[in-house]
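Residues per chain are reported as follows:
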Amino acid sequence: MSKKRSLPVVLSAFLLIGSLLSGCGSNNNNAGASSSAASPSAATESSPSASPSESASPSASAAQEVTLKIGAAAVPHAEILEFVKPKLKAEGVNLDIVVFDDEGQLNPALKDGQIEANYFQHVPYLDSVKKEQGYDFAVTTKVHVEPIGFYSSKLKSKDEIKEGAKIGIPNNPSNEYRALVLLQQQGLIKLKEGLTTYEATPKDIADNPLKLKFVEADSATLPRSLPDLDGAIINTNLVLEAKLDPNSALFREDANSPYANVIVVRAGDESKDEIKKLDAALTTPEVKQFIQDKYGVAVVPAF
Amino acid sequence: MRDDLVDLLWAALRQTLYMVFWSSIFALALGIALGVALVVTGKDGVLRAPRINKLLSLLVNSVRSLPFIILIVLLLPLSRLIVGTTLGPTAAIVSLSIGASPFLGRIIENSLKEVHPGKLEAAKAMGATPLTIIFRVLIPEALPALVRSITIAVIAITEFTAVAGAIGAGGLGSLAIRFGYQRFREDIMYATVILIIALVQAIQWTGDGIAAAIVRRRTRAD
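Order-wise, the sequence lines are chains A and B. Taking our numbering, the leading residue of the first sequence gets 1, the next gets one more, and so forth. Taking our numbering, the leading residue of the second sequence gets 1, the next gets one more, and so forth.
Hints in this document: simulated from the structure, not taken from any laboratory. Certain hints may be false.
[What the hints assert, rightly or not] Here are the in silico distance ranges between beta carbons for each label pair: (1) A:156 to B:55: 46 to 52 Å; (2) B:83 to A:273: 55 to 61 Å; (3) B:52 to A:111: 52 to 58 Å; (4) A:92 to B:54: 55 to 61 Å; (5) B:14 to A:166: 18 to 24 Å; (6) A:195 to B:194: 57 to 63 Å; (7) A:242 to B:14: 58 to 64 Å; (8) B:55 to A:186: 49 to 55 Å; (9) A:186 to B:66: 37 to 43 Å.
For clarity, every value in this text was computed on a predicted model and none was experimentally measured. No residue lacks a Cβ here, since even glycine has one placed at the ideal position from N, Cα and C.
Throw the hints in and build the complete structure from the sequences for me.
Here you go:
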């Protein structure tokens with residue numbers, strides 16, 4: 001009998017303890033979440049005194065500060081974003097920069113809402129993937145061009161490209177086309193008329209007077225394989241990451257190339273306050289100066 | 001379907017066959033040596049050498065733990081040294097052979113371990129030297145299992161060749177990725193898939209056929 005009577009008491013005691021524990025737990029979680037959201041920027045940015053003051057008054061700063069999570073390629077994208085981060089912080093936007101190893105994941109992540117914006121692609125690339133993948137994205141601003149260029153460890157000038165020279169070009173659709181278009185601008189080849197998409201391969205070459213041989217390889221392979229080629233057309237970000245001198249390009253795209261890297265958001269988000277602040281912060285004369293000082297010819301401001 | 005389909009497929013098929021053929025031969029040579037070495041230096045082996053065994057095992061595991069694309073990049077200098085270039089199907093053969101041989105070594109080791117220890121004991125009792133035991137007992141006894149293991153490995157090499165497109169080696173896998181996937185050419189996607197399935201089937205049937213023939217001849221001899 002006594003056992004039966006005590007059962008409700010025990011149960012209610014458990015419930016009480018349980019609710020206390022879970023209450024505690026969720027309080028802890030809240031505190032943990034807000035401090036961890038604030039800490040990356042505080043840690044990477046500046047004064048160590050900033051972080052205690054923030055965690056002391058989490059409610060006050062959380063109300064004004066908006067965290068904007070942006071996915072980016074490592075160089076120069078993330079570096080340019082880091083440069084504008086303090087300015088945005090002052091305007092109440094906490095820029096959370098996530099560098100993706102696999103740039104192919106940046107658009108899916110934006111679509112899924114894991115990030116609010118991305119900064120790694122140019123419009124032709126976005127056009128080539130958005131229809132098939134069902135992306136409903138908006139381009140907010142052009143930031144920079146990384147002119148694709150022709151590099152060689154053997155030749156010193158364009159005139160030294162001889163008949164039958166072996167030229168490395170990227171094997172992914174948009175960059176392969178871009179590489180062939182650059183060769184066409186330089187008068188080395190002529191592409192077929194009427195190519196409507198941003199895609200072409202050496203099969204689409206109508207005229208190849210020097211009988212150039214093309215090796216289509218992964219972009220990241222090309223800097224490593226330069227000694228085995230007469231030259232290769234390499235994207236600037238890879239040139240920078242491979243520690244090649246971007247000034248050593250024999251020729252490159254000019255600044256008004258359609259391949260400017262842009263900020264991309266989900267359609268409808270372009271009117272959001274924090275996105276507008278980001279766009280404004282990225283297109284200032286200071287950023288222009290920063291890009292020119294830091295990257296020279298390798299990265300050209302596109303605003 | 002467009003007019004360039006056949007040309008693209010034919011070129012890619014030739015590149016794949018070229019890579020699979022030569023990589024299999026080199027990987028087989030390395031893999032059999034590794035597999036035999038792993039068995040004979042192991043516990044109960046005829047040339048017991050625990051330290052060498054551990055070292056070999058570590059080597060095999062290290063190479064096997066690398067993603068193939070990383071292995072290709074790591075081996076670029078070796079490719080340049082051996083075949084004089086880091087690009088194209090011939091350069092890929094270097095990485096493919098070295099990448100596949102530890103896998104081959106392991107499955108060959110497993111096949112050889114299936115040989116009944118009694119047979120090795122008997123040979124030893126008759127005064128056979130370790131070399132005689134390896135070449136007259138161990139390998140012949142395990143032959144059908146070895147052929148089946150090698151079949152698995154050749155199919156694995158076929159899969160590996162898909163990655164070799166990164167260094168401009170071409171091949172069916174690269175064609176499927178670059179045109180079928182990235183350029184949304186579904187005719188190419190399906191055609192390459194069918195060709196790859198047919199190729200893998202052909203390899204499997206050949207392997208099964210050889211293994212069955214060996215078993216048949218052996219039972220007749222018995």
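So, going through the hints one by one against the coordinates:
Between residue 156 of chain A and residue 55 of chain B, the C-beta spacing of about 48 Å keeps the proposed range 46 to 52 Å intact. In this structure the hint that residue 83 of chain B and residue 273 of chain A lie 55 to 61 Å apart at CB holds, the actual value being about 58 Å. Between residue 52 of chain B and residue 111 of chain A the Cβ separation comes to about 54 Å, which falls inside the hinted range of 52 to 58 Å. Evaluation of the 55 to 61 Å hint for residue 92 of chain A and residue 54 of chain B yields a pass: the beta carbon distance comes to about 60 Å.
Distance hint check for residue 14 of chain B and residue 166 of chain A: the Cβ-Cβ separation is about 20 Å, which falls inside the suggested range of 18 to 24 Å. In this structure, residue 195 of chain A and residue 194 of chain B break the distance hint of 57 to 63 Å, their C-beta atoms being roughly 29 Å apart. As the Cβ distance of residue 242 of chain A to residue 14 of chain B is approximately 32 Å, the hint placing it in 58 to 64 Å is violated. As the Cβ distance of residue 55 of chain B to residue 186 of chain A is approximately 54 Å, the hint placing it in 49 to 55 Å holds.
The hinted range of 37 to 43 Å is satisfied by residue 186 of chain A and residue 66 of chain B, whose Cβ atoms lie roughly 39 Å apart.
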